[in-house]
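Chemist: With the hints as extra help, turn the sequences into a complete structure.
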Amino acid sequence: MVVAEQKDFEEIKNMVFPHKKILVVGCGTCVTICFAGGEKEVGILSALLRIAAKKEKHELKIVEATIERQCDKEFVEELKDKLDGIEAILSLGCGAGVQTIAETFTNIPIYPGVNTKFVGRVEEQGVWSERCTGCGDCLLDKTGGICPIARCAKSLLNGPCGGSKNGKCEINPDIDCAWQLIYDRLKELGQLDKLEEIIPIKDWSTSRDGGPRKIVREDLKL
Amino acid sequence: MKTESKLEKILEKGKFAVTGECGPPKGANAEVIKRKAKIIKDYVDAVNVTDNQTSIVRLSSIASCAILKQEGLEPIMQMVTRDRNRIAIQSDIFGAYALGIRNILCLTGDHQTFGNHPQSKNVFDMDSIHLIQTVKMMRDEGKILSGDEIDGELKMFIGAASNPFADPFEFRVVRLAKKVKAGCDFIQTQCIYDLNKFEEFMKMVRDRGLDKKVHILAGVTPLKSVGMAKYMKEKVAGIDIPDELIDRMKGVPKEKRADEGIKICVETIKRLKEIEGVAGVHIMAIEWEEKVPRIVEEAGLLPRPSL
Chain A
172 MVVAEQKDFE
182 EIKNMVFPHK
192 KILVVGCGTC
202 VTICFAGGEK
212 EVGILSALLR
222 IAAKKEKHEL
232 KIVEATIERQ
242 CDKEFVEELK
252 DKLDGIEAIL
262 SLGCGAGVQT
272 IAETFTNIPI
282 YPGVNTKFVG
292 RVEEQGVWSE
302 RCTGCGDCLL
312 DKTGGICPIA
322 RCAKSLLNGP
332 CGGSKNGKCE
342 INPDIDCAWQ
352 LIYDRLKELG
362 QLDKLEEIIP
372 IKDWSTSRDG
382 GPRKIVREDL
392 KL
Chain B
5 MKTESKLEKI
15 LEKGKFAVTG
25 ECGPPKGANA
35 EVIKRKAKII
45 KDYVDAVNVT
55 DNQTSIVRLS
65 SIASCAILKQ
75 EGLEPIMQMV
85 TRDRNRIAIQ
95 SDIFGAYALG
105 IRNILCLTGD
115 HQTFGNHPQS
125 KNVFDMDSIH
135 LIQTVKMMRD
145 EGKILSGDEI
155 DGELKMFIGA
165 ASNPFADPFE
175 FRVVRLAKKV
185 KAGCDFIQTQ
195 CIYDLNKFEE
205 FMKMVRDRGL
215 DKKVHILAGV
225 TPLKSVGMAK
235 YMKEKVAGID
245 IPDELIDRMK
255 GVPKEKRADE
265 GIKICVETIK
275 RLKEIEGVAG
285 VHIMAIEWEE
295 KVPRIVEEAG
305 LLPRPSL
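First to last, the protein sequences are chains A and B.
Under my numbering, the first residue of the first sequence carries the number 172, and numbering increases by one thereafter.
Under my numbering, the first residue of the second sequence carries the number 5, and numbering increases by one thereafter.
These are computed hints drawn from the structure, not numbers from a lab.
Since we're looking at a predicted model, the values are computed, not measured.
Please note: incorrect hints may appear among the correct ones.
Claimed, not checked - Capping the alpha-carbon separation at 30 Å, the derived lysine-lysine pairs in BS3-like fashion look like this:
#: 1; chain 1: B; residue 1: 260; chain 2: B; residue 2: 239
#: 2; chain 1: B; residue 1: 201; chain 2: A; residue 2: 365
#: 3; chain 1: B; residue 1: 239; chain 2: A; residue 2: 336
#: 4; chain 1: A; residue 1: 178; chain 2: A; residue 2: 251
#: 5; chain 1: B; residue 1: 147; chain 2: A; residue 2: 373
#: 6; chain 1: A; residue 1: 365; chain 2: B; residue 2: 140
Modeler: See the structure below:
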């Protein structure tokens with residue numbers, strides 16, 4: 172899933188306080204699961220903004236809404252009948268959600284309430300970590316199902332580097348060395364011979380480096 | 005000979021090579037390079053120039069190497085893949101060769117979180133092994149990665165690093181083998197303090213026959229103080245210093261500890277010379293270049309061969 176984290180309250184306040192009536196929109200998908208921008212977070216953030224506004228004697232009306240998926244225009248359009256008098260929208264969706272709202276309602280300013288961090292997974296309650304950078308050319312078959320692009324600090328294709336110590340990365344003892352994990356996994360699978368081969372230089376044109384990406388599936392188009 | 009490198013000539017003749025290291029200044033002060041050059045000139049066969057080591061901005065490796073060349077030394081240009089994509093890397097290698105630089109050490113580089121610009125974007129378009137392949141392709145096929153032909157020749161002597169002390173230990177020799185397979189001609193190792201572990205590593209190297217395929221220069225760094233030893237052991241990635249060495253440093257009066265560090269370094273070199281498959285020594289006297297002449301002399305490595 173896409174993992175996000177709510178922005179600092181002061182930053183959010185500074186974005187929305189120039190307005191008198193705003194719509195705070197949550198998203199029912201990834202950001203709900205990672206507790207950053209679902210219905211519950213919309214409620215809590217809106218309450219905090221109301222309290223702050225009252226304290227600072229600032230007039231602020233907040234309308235709350237949470238839709239199924241902010242990255243889908245069909246769901247975003249459901250917000251239409253909530254826009255009466257709305258001066259700005261604060262989205263707690265990921266970057267794709269914020270931009271879908273911006274593309275749908277072109278005459279209303281939109282602000283991001285969360286920082287979109289990465290594509291990752293839940294490690295344990297309250298801990299998320301990155302697993303994929305969307306490089307566009309998956310190589311997990313070569314690396315025992317552990318991604319060095321996302322999980323090695325230097326995205327090495329032929330690691331581990333000289334900074335791997337006791338299974339940890341040189342940049343932070345809290346970060347596992349991805350190549351130690353790859354080594355351990357391939358050892359368990361009896362596939363250490365895979366590491367004798369040089370993984371060739373990567374074609375990054377399939378990643379963000381090739382420009383903004385788009386997938387067109389003719390078989391699915393209407 | 006694959007190249008015009010003086011280092012290659014020495015190694016191919018089977019002479020025990022000595023390389024040094026020159027850290028460039030944090031500014032455009034060419035005098036720093038010239039001063040260091042003068043100190044070590046007659047004591048080493050070639051000199052590495054670091055490429056913004058530990059991600060701290062310094063005078064560029066290429067420019068520093070060109071200055072060393074003017075001063076009559078044989079530079080080894082370190083190049084990291086952290087800051088340049090394949091376009092800049094290949095262009096800079098052209099530039100270095102055009103300036104008379106004949107040796108390159110291919111590195112991935114320290115992550116930028118260690119340096120003075122942790123907010124910067126890193127590149128890592130390729131890793132050190134790809135960089136070796138790139139330079140080899142330029143030299144042996146006369147082509148850049150795109151397949152385009154190079155105008156003129158580019159005969160670089162290709163080096164790479166090896167850290168026998170990082171984890172997983174049993175994989176270190178495999179990674180060295182990959183570097184050899186990629187096409188490197190010489191290896192400089194991380195600083196060696198744990199000789200027993202290094203001997204174990206060298207045995208694995210010989211078992212794979214790698215010492216016959218690549219010239220291995222063993223790295224040493226003299227310790228200035230107990231503080232430095234502790235700092236390197238705890239904070240510097242990939243360096244291991246046995247407690248006995250730290251205790252030995254502690255065992256002498258404070259004012260004699262630097263001297264003890266040099267003695268340890270000299271003894272280490274003497275032992276390294278005896279290890280089968282070690283083709284030379286790489287002395288990294290960090291901001292202590294003035295001690296290189298003494299270390300080389302006491303280790304019995306003078307005079308350096310003249311070619």
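Chemist: Checked against the structure, which of the hints given earlier come out wrong?
Modeler: Of the numbered hints, all hold.
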